[in-house]
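K.L.:
Here the structure of chain A is known, so what remains is to put chains B and C in place on it, guided by the hints.
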Amino acid sequence: MTLRELADRLQCNLTGDGDVNITRVAAIEQAGPGDVTFLANPKYQSHLATTNASAVLVARGTSAVDGGPALLECANPYLAFAQALELLRQVSMPPAGVDASAVVGTDVTLAEQVSIGALCVIGDGASLGARTIVFPGVVIGPGAVIGDDCVIHARVSIRERIQLGHRVVVQDGAVIGSDGFGFVRLADGTHTKIPQHGDVVIEDDVEIGANTTIDRPAVGETRIRKGAKIDNLVQIAHGVSVGERTIFAAQVGVAGSTQVAEDVVLAGQVGVAGHLKIGKGVIATAQTGIPNSVDAGTMISGYPAIPNRDWLKSSAVFRQLPALKKRVAELEQRIAELEEKLSE
Amino acid sequence: MTLRELADRLQCNLTGDGDVNITRVAAIEQAGPGDVTFLANPKYQSHLATTNASAVLVARGTSAVDGGPALLECANPYLAFAQALELLRQVSMPPAGVDASAVVGTDVTLAEQVSIGALCVIGDGASLGARTIVFPGVVIGPGAVIGDDCVIHARVSIRERIQLGHRVVVQDGAVIGSDGFGFVRLADGTHTKIPQHGDVVIEDDVEIGANTTIDRPAVGETRIRKGAKIDNLVQIAHGVSVGERTIFAAQVGVAGSTQVAEDVVLAGQVGVAGHLKIGKGVIATAQTGIPNSVDAGTMISGYPAIPNRDWLKSSAVFRQLPALKKRVAELEQRIAELEEKLSE
Amino acid sequence: MTLRELADRLQCNLTGDGDVNITRVAAIEQAGPGDVTFLANPKYQSHLATTNASAVLVARGTSAVDGGPALLECANPYLAFAQALELLRQVSMPPAGVDASAVVGTDVTLAEQVSIGALCVIGDGASLGARTIVFPGVVIGPGAVIGDDCVIHARVSIRERIQLGHRVVVQDGAVIGSDGFGFVRLADGTHTKIPQHGDVVIEDDVEIGANTTIDRPAVGETRIRKGAKIDNLVQIAHGVSVGERTIFAAQVGVAGSTQVAEDVVLAGQVGVAGHLKIGKGVIATAQTGIPNSVDAGTMISGYPAIPNRDWLKSSAVFRQLPALKKRVAELEQRIAELEEKLSE
Chain A
1 MTLRELADRL
11 QCNLTGDGDV
21 NITRVAAIEQ
31 AGPGDVTFLA
41 NPKYQSHLAT
51 TNASAVLVAR
61 GTSAVDGGPA
71 LLECANPYLA
81 FAQALELLRQ
91 VSMPPAGVDA
101 SAVVGTDVTL
111 AEQVSIGALC
121 VIGDGASLGA
131 RTIVFPGVVI
141 GPGAVIGDDC
151 VIHARVSIRE
161 RIQLGHRVVV
171 QDGAVIGSDG
181 FGFVRLADGT
191 HTKIPQHGDV
201 VIEDDVEIGA
211 NTTIDRPAVG
221 ETRIRKGAKI
231 DNLVQIAHGV
241 SVGERTIFAA
251 QVGVAGSTQV
261 AEDVVLAGQV
271 GVAGHLKIGK
281 GVIATAQTGI
291 PNSVDAGTMI
301 SGYPAIPNRD
311 WLKSSAVFRQ
321 LPALKKRVAE
331 LEQRIAELEE
341 KLSE
Chain B
1 MTLRELADRL
11 QCNLTGDGDV
21 NITRVAAIEQ
31 AGPGDVTFLA
41 NPKYQSHLAT
51 TNASAVLVAR
61 GTSAVDGGPA
71 LLECANPYLA
81 FAQALELLRQ
91 VSMPPAGVDA
101 SAVVGTDVTL
111 AEQVSIGALC
121 VIGDGASLGA
131 RTIVFPGVVI
141 GPGAVIGDDC
151 VIHARVSIRE
161 RIQLGHRVVV
171 QDGAVIGSDG
181 FGFVRLADGT
191 HTKIPQHGDV
201 VIEDDVEIGA
211 NTTIDRPAVG
221 ETRIRKGAKI
231 DNLVQIAHGV
241 SVGERTIFAA
251 QVGVAGSTQV
261 AEDVVLAGQV
271 GVAGHLKIGK
281 GVIATAQTGI
291 PNSVDAGTMI
301 SGYPAIPNRD
311 WLKSSAVFRQ
321 LPALKKRVAE
331 LEQRIAELEE
341 KLSE
Chain C
1 MTLRELADRL
11 QCNLTGDGDV
21 NITRVAAIEQ
31 AGPGDVTFLA
41 NPKYQSHLAT
51 TNASAVLVAR
61 GTSAVDGGPA
71 LLECANPYLA
81 FAQALELLRQ
91 VSMPPAGVDA
101 SAVVGTDVTL
111 AEQVSIGALC
121 VIGDGASLGA
131 RTIVFPGVVI
141 GPGAVIGDDC
151 VIHARVSIRE
161 RIQLGHRVVV
171 QDGAVIGSDG
181 FGFVRLADGT
191 HTKIPQHGDV
201 VIEDDVEIGA
211 NTTIDRPAVG
221 ETRIRKGAKI
231 DNLVQIAHGV
241 SVGERTIFAA
251 QVGVAGSTQV
261 AEDVVLAGQV
271 GVAGHLKIGK
281 GVIATAQTGI
291 PNSVDAGTMI
301 SGYPAIPNRD
311 WLKSSAVFRQ
321 LPALKKRVAE
331 LEQRIAELEE
341 KLSE
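Chains as they are written, first to last, in my numbering: chain A, 1 to 344; chain B, 1 to 344; chain C, 1 to 344.
Please note: incorrect hints may appear among the correct ones.
If several chains are the same, the list does not tell them apart, and a pair holds so long as it fits within one copy or across any two.
With a Cα cut of at most 30 Å, we get these calculated BS3-like pairs of lysine-lysine [what the hints assert, rightly or not]:
no., residue 1, residue 2
1, Lys325, Lys226
2, Lys341, Lys326
3, Lys325, Lys341
4, Lys313, Lys43
5, Lys43, Lys277
Derived from the structure by calculation, the hints contain no laboratory data. Note that the structure is predicted; figures quoted are calculated from it, not measured.
Chain A with its partners taken away, still in its complex shape:
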């Protein structure tokens, strides 16, 4: 694609030679001739003088460098970078059709242009929407319903009767609809399994990371709402609800029946106890442990979680605790001396 064509498709202003052929998107330090790169953060502007890229996506108003790369001024360079990656994609997606080695059950509905990879298993009565791609080794249970334009990567489990909306992306090895961890403790201390036959609903535009697990409940549903993005190795227990546009980083765990509102961000390895309400827009920094419900708009840290600002201050003092303890001991010594003096 010529740089001019790329500029047109990304709706960018082009400064420089529009005839150069662009074949790849690359990071600014690794880019070479034929590459387009991006400068999302103005503080790295010095890279403009040193990059070997043919062109750079930049914010409007960025000045070109003499002898430097062509510039593509755009409203949102980071978004243009994402779009350029899609336009210059060198990876071909699997063709439509059902691989001969796949095992497809009875009464399966496959909409137009569905692609089913090698050695997939599609259970009886399952339904897949238009243009959905299922990579090899995926197991889809009976009665599962998957929308249009989904991408299900290799070796995913989607259990019986699970529902996925449109444009859902599931990375390799994820499990959707495994049994919730529910047992009744009997008088002799043993645990009887509570059958877990509830639903899991994954709404439109959700992404689910590799080897992430999402459990189904005994009754009712587990629900991941529109546009939520969930990273790798995340645990979502039975009956949890995850709000729209909410982000869970890798290795987050949310215990049963907790309701997470929209626009929440849980950073890596955060844990949330069961039966809580996490309010809209809550941000929890990495490794936070959340034992209680959290009000909307709060930023929290630590375990047990407290407001981030308090946690930062307390953590600073934590490091000084041995010194603080020594100061208290010295005070005790000095006050004892004063007391003695005064009692004389």
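P.N.:
Only chains B and C this time, still in chain A's reference frame:
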């Protein structure tokens, strides 16, 4: 099933119309006509007046509400709920038999009514007990021995020579018998792998969660004892022993050779170091980090783990640390003033 | 194998009957006749008098016990133990060849003695080196390049164009090359996916644990360098670099673009934020949370991570915080009394 028949099978006292047809178990707030629900916790008794369920499983002595649902009085409503879910199960289990697409090795022993799903691989010399169900995409290694009435969900790995008892349930994607993480560090700083050929024994009535990993040791065994329940994404290292009826919530990790006794509860994301002994009945709250052995009957929290009661108190003070530090500084100021006064 | 032959092959000095037949390596407390065991730690020397093993691998200079087992003196008993396990391996590896049920794409290169197990999927243009073993149910994407003498256990995903060096071992269920977790946040709060088409390079002699996930970046590469060893359920985000001989214990998580140097050890459940530099030889104890770059040679603990020595001292005081707070309150009381006395 009529409500009268359900009451008989659950051994409950019925108050209300026994002829109504019951088709589903549902949560009390979502239930409608034809549904049975349950009231395990008396504090939600007000729901009896508002639920649309046809019948409610309640503790003995619960009063019916005028115009409200039929009541099923039972000794343990939560257990009756679990049993009702089983009785009203709408999910059919796969039929007995070996799917034509499965790859079954030589000298494999399949007891009566075994079900092997599509695209499973059963290694040479493996043995599966009566009525055991293996869902699609499972790989069972050579010489593995699996008992009666097990349920192995899709895409599980059970490695060579691993042993499972009866009524073991393994959720999707779990790995049993992967190599323990054992290396010899050489003088040049590189690490040589110690071959891991030991055993893993999963005793009767164990449940293993989705994408959980249980390693085998170099020599000796890793053992999960009778009735232990292990949630998703848990790591159990080589040579670990997990006691009877012990519960590990999601994302727990236990390092090599640690012996966990019976009736222990480790909440979500707890970590346990290697070569420890965790005594009978120990409870560790979520995210606890356990660097040392723990006496039986202790409830612990924090990292490094301390008694829960101490941790709660210390955590409360942690939040006040900046204020405490200020108070110490003020004391230093006041005492300096007193010292000055007295020295005059 | 006779004990004499074993001694020769391990280059050990033999004291005792070299004609005894050795069939197995076992732990010193479980070993019986025909077993060889090892004594790596001199503090367990008393076991020499009680073990039923036929022979024990010991450090040079260890004295035999009257009527006790034969001794094999060696420079490094733990290394000899690893070698003995390999020599006495009772597990046969799968034979070379491609299982009839595997689905192999076009233009696939298989070097001599490659073994492809049942129901594997090998994408178009992939390449596997000599003697590499692929267990059942593995999915290898188009264009992936795998070196010689690798062992890929069951149900692993190796995505398109991923590169593995020689002697790489991947445990069951691991995912290499899943999409990095990268999104552009738009003005309306929704997130647009950034296509992730970058590379993952796994260098020689790396081990990757069961159900571990290693993401690919949008551009550039994720790289695991020579001899790094990564345990189960570890998350390695897009663009991370892991240094030579570095060790990650189970459930570690490293966020995007972080560069971990050589000879680092991250213990279980450690979390590392994105865009950091972790210096050579850094050691982080279990559950450490690392929000900032760390200088080479540092041992760190806690969250936020501080030097291990400081953390140990502060953690000791943490437990005494309620008492410390009480001491401060008492001081305030005593000083108020003094102030009153002096103002009289």
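K.L.:
Now look at each hint and say whether the structure bears it out.
P.N.:
The hints, checked one at a time:
| no. | hint | verdict |
| --- | --- | --- |
| 1 | Lys325 <-> Lys226 | neither (51 Å within a copy, 46 Å between copies) |
| 2 | Lys341 <-> Lys326 | both (23 Å within a copy, 24 Å between copies) |
| 3 | Lys325 <-> Lys341 | both (25 Å within a copy, 26 Å between copies) |
| 4 | Lys313 <-> Lys43 | within (29 Å within a copy, 40 Å between copies) |
| 5 | Lys43 <-> Lys277 | between (39 Å within a copy, 19 Å between copies) |
Checked against the numbered hints given earlier, the structure breaks only hint 1 and satisfies all the rest.
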